[in-house]
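There are 2 protein chains.
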Amino acid sequence: MSACEFESVEKCLEAHLPQAELSEVRRVLFGKETLKLDLPTSAAEAASERDFELKGFRFEAAPEQLRPPRRVRVGLVQHRIVLPTDAPVLDQVSAVHSRVGEIVEVAAMCGVNVVCFQEAWTMPFAFCTREKEPWTEFAESAEGGNTTRFCQELARKHNMVVVSPMLEREELHGTLWNTAVVISNTGNVLGKSRKNHIPRIGDFNESTYYMEGNTGHAVFQTQFGRIAVNICYGRHHPLNWFMYSMNGAEIIFNPSATVGALSEAMWPIEARNAAIANHCFTCAVNRVGTEHFKSEFTSGDGKKAHHDFGHFYGSSYVAAPDSSRTPGLSRTRDGLLVVEMDLNLNRQMSDKWSFKMTGRYAEYADELTKAVRQDFKPNIVKE
Amino acid sequence: MSACEFESVEKCLEAHLPQAELSEVRRVLFGKETLKLDLPTSAAEAASERDFELKGFRFEAAPEQLRPPRRVRVGLVQHRIVLPTDAPVLDQVSAVHSRVGEIVEVAAMCGVNVVCFQEAWTMPFAFCTREKEPWTEFAESAEGGNTTRFCQELARKHNMVVVSPMLEREELHGTLWNTAVVISNTGNVLGKSRKNHIPRIGDFNESTYYMEGNTGHAVFQTQFGRIAVNICYGRHHPLNWFMYSMNGAEIIFNPSATVGALSEAMWPIEARNAAIANHCFTCAVNRVGTEHFKSEFTSGDGKKAHHDFGHFYGSSYVAAPDSSRTPGLSRTRDGLLVVEMDLNLNRQMSDKWSFKMTGRYAEYADELTKAVRQDFKPNIVKE
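First to last, the sequence lines map onto chains H and L. Heads up, the first sequence is in UniProt numbering, so the first residue is 1 and it goes up one at a time. Heads up, the second sequence is in UniProt numbering, so the first residue is 1 and it goes up one at a time.
There's no promise every hint is true.
One copy or two, it doesn't matter: identical chains are merged, so the pair holds either way.
[Said to hold, decoys possible] Simulated pairs of lysine to any residue, SDA-like, Cα-Cα distance not exceeding 25 Å:
id, residue 1, residue 2
1, Lys304, Glu102
2, Lys382, Thr208
3, Lys356, Arg200
4, Lys32, Glu10
5, Lys356, Glu102
6, Lys303, Phe376
7, Lys36, Val372
8, Lys303, Phe293
9, Lys352, Gly300
10, Lys377, Gly310
11, Lys304, Glu105
12, Lys294, Ser23
13, Lys304, Leu90
14, Lys11, Lys32
15, Lys356, Glu133
These aren't lab readings, by the way, just hints derived from the structure by calculation.
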């Protein structure tokens, strides 16, 4: 069985483990059982016709006396590129718009309030090629580009907040950024959040195309809760998640583009650790499929030049602050994961575990400030 | 199957999954396969006679031109208490000394260089009772107590660094601390590291007994590498792991005492995330068994008073910076996990992933300094 065929850990366990063991294995691996969310039959049918996986789960919180539940439904969309990477740029973008548009229609049928797409969703993940053209032509204005206008229409039509991670062209200076545009359910651009940490690993030195973001750790107050966007490689940096949480994020999205050989064993760990440590929900979104490029490229590993860099393994999932998580979407298919979460769970877990209260942040601020100075003396005890 | 009987996720998967799927499941869940470490037959026999589990694994690094391998063997010891909790204090301590002494003998046969015991290893984890007596009598001087003398003998006899987490009595002020004493393989006390973060959750408000540590993030330079100790609840705080790493830790031990209902789904996540994020090895050690106390106590959960607070699930394991990990020790038995690691892997993973270089720590120092001030204005964007 090749890594491109294997559908998911969850399905495999379900198929082979006896019931009593399955329930213990799930408890240890995935925490408290995630409940199934009933979705309309019409949505299931539409997903089947349009050939993508649709799954629904929910996280509940305990009833409280003074606060009503704060239930929100998020939708995570994972998809392959639609046209070959050498098709004309505008055709590629339009084809992806159509595909995602039809998935978002189903999200609307499922009552999704906030939808998040994968990193650089309108384009192939071409940064491995080191070619500037035609890939920089996929960059658009965050505020007024085609893609943002498309998302604004979706937002208005479906009364849905849209998180749209894209390659941004800042027209005034000609600079590029890896940016998530956050569009309110009113259709207004609420703001944008640029990728804070840039990988220089394997096929990707993405600083060939764009540099570290300058939007800090912005959190967006939407009608459905306070959300933030930690783009891709930022998930490896616990401080990045932490600082979004310090600014009040209740749900942190992690739109990504990452392949099996590089990161698959990290994928189930990092977003989940962030949900636990920060008493919030995290939503990890990855693209699927293998993308072929016309020009060959090397990977700095001594191997021959090639035309693709491996399989994007999908597996999008949501992690909760109580250390539970949903199963992932498929490793191989387009999909929509609909998750209802009661945001009251965040404060309940914070009251239970008290990581913010026991965090001693003033001391860390002081230690970190010292640690970044040139005259830093590490605290090393010798005999 | 009750949670006290279920032996381990790894054994269950091995027993039921077909080979092709097993290898995919392991790859996704546990990363690159951990190699078995050959241990002497005499050690296996001694472990069997002494009724504890013995497992050995190794992590290799790629050969380098300028640095020889830096192989070190660590031993993690997990065990039940030996005598009932109402036996005389000194008898309880002596019995545990004997038990751990016989396990350490086997560790020596396996060539272990650094051994780490579980949190507060000389005593039952009695902090749930809220009784001061007789539990505070288990506290000893870190530098000159019985237990430290015992560990110094072990260290000298076996040429082994000993990490001894214990309840410390600071004689001058009468204060108690939750402390790990680090004893050099020469037998000298190298120093101590006090628990930085104190839980207030479920059965445990441990600040009834001791307060937050004042030893910062000390790292100990031993003959076998630079080690640090993040005690128990500190594993929930990514900043805690991070700051040990900023001070140069190559191996971070996490001696713990934690039970199933509370934390079992977090256990495989947190130490492993820390190893990935900080390019270092982490060693998670938990005790096993259920401990019964003569006096009943309540748990603040509306339930009846009871005499124990649940099953310590063992499952001690080592996580590597390449996102792989060893299988865990049993959930139910005393055990010794021997792991050989080539510390060169840390720098190799740092060179590959570059989290320290891409970490933007100066900006976080600035942001965190602002975030802890009373006049902090969170970065929240509104429509």
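Evaluated hints:
Taking CA atoms no more than 25 Å apart as the test, Lys304 paired with Glu102 passes in neither setting, with 39 Å inside one copy and 54 Å between copies. Within a single copy, Lys382 and Thr208 get their C-alpha atoms no closer than 43 Å, and across copies no closer than 33 Å, so neither meets the 25 Å cut-off. In this assembly of identical chains, Lys356 and Arg200 lie within 25 Å of each other by CA distance solely across copies; the values are 12 Å between and 32 Å within a copy. In the homo-oligomer, the alpha carbons of Lys32 and Glu10 lie at most 25 Å apart both inside one protomer (15 Å) and across protomers (19 Å), since each shortest distance falls under that limit.
Within a single copy, Lys356 and Glu102 get their C-alpha atoms no closer than 41 Å, and across copies no closer than 41 Å, so neither meets the 25 Å cut-off. For the homomeric pair Lys303 and Phe376, neither the shortest alpha-carbon distance inside one copy (40 Å) nor that between copies (51 Å) is at most 25 Å. Taking the closest pair of Cα atoms, Lys36 and Val372 never come within 25 Å of each other, the shortest separation being 47 Å inside a single copy and 40 Å across copies. For a Cα distance limit of 25 Å, the shortest separation of Lys303 from Phe293 inside one copy, 17 Å, qualifies, whereas the shortest one across copies, 62 Å, does not.
Only between protomers do Lys352 and Gly300 lie at most 25 Å apart by alpha-carbon distance; the minimum there is 11 Å, versus 47 Å within a single protomer. For the identical chains of this complex, Lys377 and Gly310 are neighbours neither inside a copy (43 Å) nor across copies (43 Å), given an alpha-carbon limit of 25 Å. Proximity of Lys304 to Glu105 under the C-alpha cut-off of 25 Å is found in neither arrangement, the shortest distances being 43 Å within a copy and 51 Å between copies. In this assembly of identical chains, the alpha carbons of Lys294 and Ser23 never lie at most 25 Å apart, being 47 Å within a copy and 33 Å across copies at closest.
Proximity of Lys304 to Leu90 under the C-alpha cut-off of 25 Å is found in neither arrangement, the shortest distances being 32 Å within a copy and 67 Å between copies. In this homomeric assembly, Lys11 and Lys32 come within 25 Å of each other (Cα to Cα) both inside a single copy, at 18 Å, and across copies, at 21 Å. Proximity of Lys356 and Glu133 under a CA criterion of 25 Å is satisfied in neither setting, with 46 Å inside one chain copy and 31 Å between copies.
The structure shown violates the earlier hints numbered 1, 2, 5, 6, 7, 10, 11, 12, 13, 15.
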